[in-house]
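Engineer: Below, each chain spelled out in residue letters.
There are 2 protein chains.
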Amino acid sequence: MEVKFDKQVFGKRVEKCTKLMKAEDYVVLLLTKPSNMYYLTGDGRLCAYTMITAQGQVAIGVPETDGDDVQELAHFDNLATFKDEIGMIHSIADFYKHFEINKGVVGLEYTFLTNSMLGMMTHPHAKPDAVIVKDCTKIMSEMRMVKEPIEIELMQDAARIADIGMEAAIASIKAGMTESQIAGEGEYAMRQAGAEGFWRSYVASGVRTRIAHGIPTNYKVKHGDIIIIDLHPIVNNYSSDICRMTCVGKASVNQVRAYETYLEALQNTIAKAIDGVGMVDLEQTLHGVIQNAGYGNNIFGPPIHGIGINFEEAPLPPGHAFFHGEKAPPPLVKNIPIAIGNCGIYTKDWGVRIEDTVVVGKDKPLILTTYPYDL
Amino acid sequence: MEVKFDKQVFGKRVEKCTKLMKAEDYVVLLLTKPSNMYYLTGDGRLCAYTMITAQGQVAIGVPETDGDDVQELAHFDNLATFKDEIGMIHSIADFYKHFEINKGVVGLEYTFLTNSMLGMMTHPHAKPDAVIVKDCTKIMSEMRMVKEPIEIELMQDAARIADIGMEAAIASIKAGMTESQIAGEGEYAMRQAGAEGFWRSYVASGVRTRIAHGIPTNYKVKHGDIIIIDLHPIVNNYSSDICRMTCVGKASVNQVRAYETYLEALQNTIAKAIDGVGMVDLEQTLHGVIQNAGYGNNIFGPPIHGIGINFEEAPLPPGHAFFHGEKAPPPLVKNIPIAIGNCGIYTKDWGVRIEDTVVVGKDKPLILTTYPYDL
Numbered sequence: 002m003e004v005k006f007d008k009q010v011f012g013k014r015v016e017k018c019t020k021l022m023k024a025e026d027y028v029v030l031l032l033t034k035p036s037n038m039y040y041l042t043g044d045g046r047l048c049a050y051t052m053i054t055a056q057g058q059v060a061i062g063v064p065e066t067d068g069d070d071v072q073e074l075a076h077f078d079n080l081a082t083f084k085d086e087i088g089m090i091h092s093i094a095d096f097y098k099h100f101e102i103n104k105g106v107v108g109l110e111y112t113f114l115t116n117s118m119l120g121m122m123t124h125p126h127a128k129p130d131a132v133i134v135k136d137c138t139k140i141m142s143e144m145r146m147v148k149e150p151i152e153i154e155l156m157q158d159a160a161r162i163a164d165i166g167m168e169a170a171i172a173s174i175k176a177g178m179t180e181s182q183i184a185g186e187g188e189y190a191m192r193q194a195g196a197e198g199f200w201r202s203y204v205a206s207g208v209r210t211r212i213a214h215g216i217p218t219n220y221k222v223k224h225g226d227i228i229i230i231d232l233h234p235i236v237n238n239y240s241s242d243i244c245r246m247t248c249v250g251k252a253s254v255n256q257v258r259a260y261e262t263y264l265e266a267l268q269n270t271i272a273k274a275i276d277g278v279g280m281v282d283l284e285q286t287l288h289g290v291i292q293n294a295g296y297g298n299n300i301f302g303p304p305i306h307g308i309g310i311n312f313e314e315a316p317l318p319p320g321h322a323f324f325h326g327e328k329a330p331p332p333l334v335k336n337i338p339i340a341i342g343n344c345g346i347y348t349k350d351w352g353v354r355i356e357d358t359v360v361v362g363k364d365k366p367l368i369l370t371t372y373p374y375d376l
Numbered sequence: 002m003e004v005k006f007d008k009q010v011f012g013k014r015v016e017k018c019t020k021l022m023k024a025e026d027y028v029v030l031l032l033t034k035p036s037n038m039y040y041l042t043g044d045g046r047l048c049a050y051t052m053i054t055a056q057g058q059v060a061i062g063v064p065e066t067d068g069d070d071v072q073e074l075a076h077f078d079n080l081a082t083f084k085d086e087i088g089m090i091h092s093i094a095d096f097y098k099h100f101e102i103n104k105g106v107v108g109l110e111y112t113f114l115t116n117s118m119l120g121m122m123t124h125p126h127a128k129p130d131a132v133i134v135k136d137c138t139k140i141m142s143e144m145r146m147v148k149e150p151i152e153i154e155l156m157q158d159a160a161r162i163a164d165i166g167m168e169a170a171i172a173s174i175k176a177g178m179t180e181s182q183i184a185g186e187g188e189y190a191m192r193q194a195g196a197e198g199f200w201r202s203y204v205a206s207g208v209r210t211r212i213a214h215g216i217p218t219n220y221k222v223k224h225g226d227i228i229i230i231d232l233h234p235i236v237n238n239y240s241s242d243i244c245r246m247t248c249v250g251k252a253s254v255n256q257v258r259a260y261e262t263y264l265e266a267l268q269n270t271i272a273k274a275i276d277g278v279g280m281v282d283l284e285q286t287l288h289g290v291i292q293n294a295g296y297g298n299n300i301f302g303p304p305i306h307g308i309g310i311n312f313e314e315a316p317l318p319p320g321h322a323f324f325h326g327e328k329a330p331p332p333l334v335k336n337i338p339i340a341i342g343n344c345g346i347y348t349k350d351w352g353v354r355i356e357d358t359v360v361v362g363k364d365k366p367l368i369l370t371t372y373p374y375d376l
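So the sequence lines, in the order shown, correspond to chains A and B.
Taking our numbering, I'd label the letters of the first sequence as residues 2 to 376.
Taking our numbering, I'd label the letters of the second sequence as residues 2 to 376.
Note that these hints are calculated values from the structure, not bench results.
From a predicted model like this one, the values you see are computed outputs, not experimental measurements.
Among these hints, one or two may not hold up.
The list treats identical chains as interchangeable, and a pair is accepted whether it falls inside one copy or across any two copies.
[What the hints assert, rightly or not] Pairs of lysine-lysine, DSSO-like flavour, derived with a Cα cap of 30 Å: (1) Lys8 <-> Lys349; (2) Lys251 <-> Lys135; (3) Lys84 <-> Lys273; (4) Lys23 <-> Lys273; (5) Lys23 <-> Lys221.
Let the hints inform the model, and build the full structure from the sequences given.
Structural biologist: Dropping the structure here:
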């Protein structure tokens, strides 16, 4: 699927952004998170920044090598290029001057900037003294949470490619392969099928299925191992998230029972992903089935997260949100994509988990990832 | 290559760490960067922390799912597990109490923690009021910069696998393939050959070779395109960095001339990577050849960076170091691995770049990446 966003799309988004800015008295946002910059301008890259003024002016700064490329890809009013960090800082200061901003609140992404990067963006040479800084994470999250129809279409494409990756990974598995090789099969298939990249893949097998973040290792899967595979392709800048399990040989009776419980919990939760549902309702539905089956002490992890340009973005579950600089999620509405199944049932010797990307619908959910659930 | 670090290795590293801590009056380091945690304990994972006291006590906190796994992999004195962020914060507070630390300076990694994560680690419930925080990036960089012989061996293995990835990527190329598919060939070969993962791959072709960070796209390479490929496998937790170029068909006379200039600059610089050389000397050598050939206005990017567990780590070039929370690099000594060739010659329509991983030697450099330089 070839995608061209209309220039007007970015104009409308910037307009919406300025309304949110004014409501919270920001005079400018100074963004460096690629997904946020992409959303507002059509381009988001490393070592770059985007300034949005409350009047809706858009300024971009990029390495001097990237000027012509950005000119082709992005929508903006002003462009600066720089040679190094010092040039970057000075170009930011120049934009403050150009926009006649010498006081007020500038929004920075506290959930993206490391403390040392924050120091750079607020360097005395980078901004007027009287400009003070505040976290603008919540503004960008609020903007991006409900997706436009074209964004949903792009995510459908990303989900199609997640299914392809999962099929390739599972089809490849035989005893003696490493977890890393299994991940490689899924990733390779996704790039072949049209993904321009992917977020970190997880493959964990045997006893490693019990850990929270099963980054692939060179552990060789053996007969009787269950395997968790979690893939997140990026296709036309949009992400999807799928997790499935399989087994070399036959899973144990206890594993099958836990897996079937988790699947039931997932499907019940997906069914409730309709307009007006609360994130906590969804969590309780998922946890409820698991608890009722006697696995109440085996649940770990926040079960749901938003997804879009980033594979984890707002809405996040309330507790998680607080510590990650996000607002507690409002009731979910149509066209908010979420990944359901981010937690698992974990025992001392193994764990089970299944995850799908789903869009909250008016009357029923739109399920994007469709690879079969067979263990 | 199967690797087992001796328990004593970690004991010695912790001892060295406490000396550096005492010299700067830290009472404790509270680390969350996986590479730093791995270096000191043998395990570094997501959503975890490691506390090192000035007395050399080591405490680890991990998700409750991960307790048994960490028990097998890490060297430590105390282990806490937690269910969520609130549990994490409280477990940190408990360790302060356990170690009877109620004042003094705690070191945090300002170059790794986002501002919101920093807020979590310094939450009033996470630490005693009188404990103040400071960036400890430089301590960890100083510790890790000069590698132990076993680390060099591991990096040789990572470089061998980088060569394998590069060979596969270049062998695969034909007109009509996407940049992403080319990246996929290199990544797949590295996972097959023993990499447990890799840092972000770069593949840029045609006019996209002019940009600073050529993240792969679905652009299809066509006859006459030059292609930059930059790969960074992770093997047994250690990284290597290789960049090579190739062409579908034949590069232009101007491209070949720039490429040969860059290669000469790289090789002259590599030859100087011996005990006592300054990072700035190396930069000037590389830039000098490029300037003398008339490309003085076409250089972009800091040309050299350290490499080890992370594919970019200390030493960094002075200007870059300042903005990234690192010290200006001291004269380089034997067993500091560096990646040379991180900058490029960039024109309006294309760019060239070649990069190798090299270890500073006593009398001559040890060149780790060896894939041929043919354009």
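Engineer: Next, verify each hint and record whether it holds.
Structural biologist: Hints versus structure:
For the identical chains of this complex, Lys8 and Lys349 are inter-copy neighbours only, at 25 Å across copies versus 54 Å inside a copy, given an alpha-carbon limit of 30 Å. Proximity of Lys251 to Lys135 under the C-alpha cut-off of 30 Å is found in neither arrangement, the shortest distances being 54 Å within a copy and 52 Å between copies. Taking the closest pair of Cα atoms, Lys84 and Lys273 come within 30 Å of each other only across two copies (26 Å); inside a single copy the shortest separation is 52 Å, beyond that limit. For the identical chains of this complex, Lys23 and Lys273 are neighbours neither inside a copy (35 Å) nor across copies (56 Å), given an alpha-carbon limit of 30 Å.
In this assembly of identical chains, the alpha carbons of Lys23 and Lys221 never lie at most 30 Å apart, being 56 Å within a copy and 43 Å across copies at closest.
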